[in-house]
Amino acid sequence: MYLIANNSKSEITITDLNISLRPKQALDLHKIRSSDEIEKSKNLKSAISSGRIKFLHKEANNAKKEEKTEIIVQNQFDKEGLLKDIQALLSKEVDSKIEKLNTTQENNFIQNERLLILLQSIQKNMSKSSTVDVEKKNIIEDISISSDKIIEMHSRAVGKMSKNVEGNIISPGKKVKDENVVGNANELDKLI
Amino acid sequence: MSEENKIRTVAIDAGTLFFQTAEQDGQDIKLQCIRNAFVQINATDDIEDVLRQNNWQYVKDDMNYYVIGEDSLKVAKLFPGSVELRRPMQNGVLNKNEPEKMLIMSELIKKTIGETKNNKSVVCICVSSPSVDESVDSSFHKARLTSMLKRLGWNVKVIEEGLAVILSERPIVIDAEGKEAPYSGIGISFGSGRTNCVLAYKGLQIIGMSSACCGDFIDKKVADQLGVPISQVMSKKEKELDFEKLNEDDDILYALNVYYETMIEYVFKHFAKKFAEVKSEFDAPLDVVVAGGSSCPNGFCLKIEDVIKGLKLPFKIKEVRRSSDPRNSVVKGCLTQAIITQKKILKASEDELSAILG
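Top line first, the protein sequences correspond to chains A and B. So that you can map any letter, position 171 of the first sequence is 185 in the numbering used here, and since no number is skipped, the others follow by simple counting. So that you can map any letter, position 207 of the second sequence is 793 in the numbering used here, and since no number is skipped, the others follow by simple counting.
Heads up, some of the hints might be wrong.
Unchecked claim - Per the computed footprint, the stretches of chain B lying under chain A, defined by three or more beta-carbons under 8 Å from a beta-carbon of chain A, are:
1) 673-683
2) 725-736
3) 783-792
4) 846-854
5) 895-907
6) 915-927
Stated by the list, open to error - In silico contact screen, one side only, chain A against chain B (beta carbon under 7 Å); selected entries:
7) E25
8) T29
9) L31
10) N32
11) P37
12) V179
13) K188
If you are wondering where the hints come from, they were derived from the structure by calculation, not from laboratory data. The structure presented is a predicted model; accordingly, all values stated were derived computationally and were not measured. Glycine residues also receive a C-beta, built at the ideal position from the N, C-alpha and C atoms.
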């Protein structure tokens, strides 16, 4: 990371890096330019030395410089504006990480690798569960329970439900003469 | 042999609207019919006195009283809005949304056919054929009913409702050589909760199907379309609907006619599909026999003939006729089967029993 910010009230262009910064805008130069180009940029150095551009943060061994810079940042910068810019920057960072999973840039590599591993693990689990579903389905289809056992289960349930039940239902019914019923039964008995 | 230990032959048609039984009594048949509905009344100190004074039929458990049968209609009318008319059965099977269904059904069975002490006694019950539309689980219904009856000592034989119509009405197919094959043809039970349809040959079922397009469906659709109470539709249907002399100026009768035609077309189209699926081959024209409460309006058979004229069916129809006793045809058909099963049990050994009962 090589974070800089436009300390002035007007837009600044760093010609040899071909970048522009709006007033109070912060930018990570490593996103768009290599360390080599940044180190070689005279316009950048000039802008930093003039105070129009402030150097904020670099990932390296310039800890003391960073501290000083930090103090200067606290005293001289529009904190809120800067925070907003940093937030915007970070969200951009996350978006680009998601898009560029296979980037070769060293800074992104480890996090992308972690994300890849996570995605692969999710995919594995999804395919595992569908296998389990298929297996379960096969098992369920293979199970059959004897009708005697099913009836016994129902019988117990009915016994419990109808315990302590009484009623006064009287259905006298009616007697009818229907020769067809017995006649049909006799005929069918010979047929079947 | 004492009365208690005598061999009994009984049939049960546990319908959505009515719970019916038939029992062989010598040369006679004893028929019982109880409306399959109830209302719940919370237990109070004097409730039992009220019930007895009014001679209402009820069932009670630890917590509540349940007035059943025709009396439940009376109570529901007396207290509209306060008590709800409930049904143990829905769409031809035990009502999965009714928690007290088993309580009511078990008591109905106990008080109608009761227990038997003789291990040769047989009861035949009917269930719906596999459904072509809604997913209705007949297996739970069949297992529950069977268990309730076995607990009371009965041997249980189960047949499909459409087959019961065939056993009762004896349709005939005459083949190309002029030979008669009785108990052959199509049997349709147009019930309240389901319409059941079976093709059989010499009393053996070949295919069966059921559908939710039935009496309750027609009542509800007409009531919804016209914005009238279902009770009004049912009353018109039972008292005034006549397909031979249809009063098309009456909105309810007009709508009933429309939905009856829809039901007939739907049932025959689906049956034809089932027929074609099993590649059944019946060259000879088939008798169609109909039964069930929804087949009662005058001119119903003519209506069927009229509707099926416009359909392409994979079989020919010789005649459409209705049972002479459409409300009892199914239970009588079940009794016929019970008698046949009884004869076999009396001849058979213990090992052969499960094969006979199926």
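Practice problem: Just pull the numbers of the violated hints for me, sorted ascending. | Solution: The structure conflicts with hints 1, 4, 5, 7, 8, 9, 10 and 11, although it agrees with all the remaining ones.
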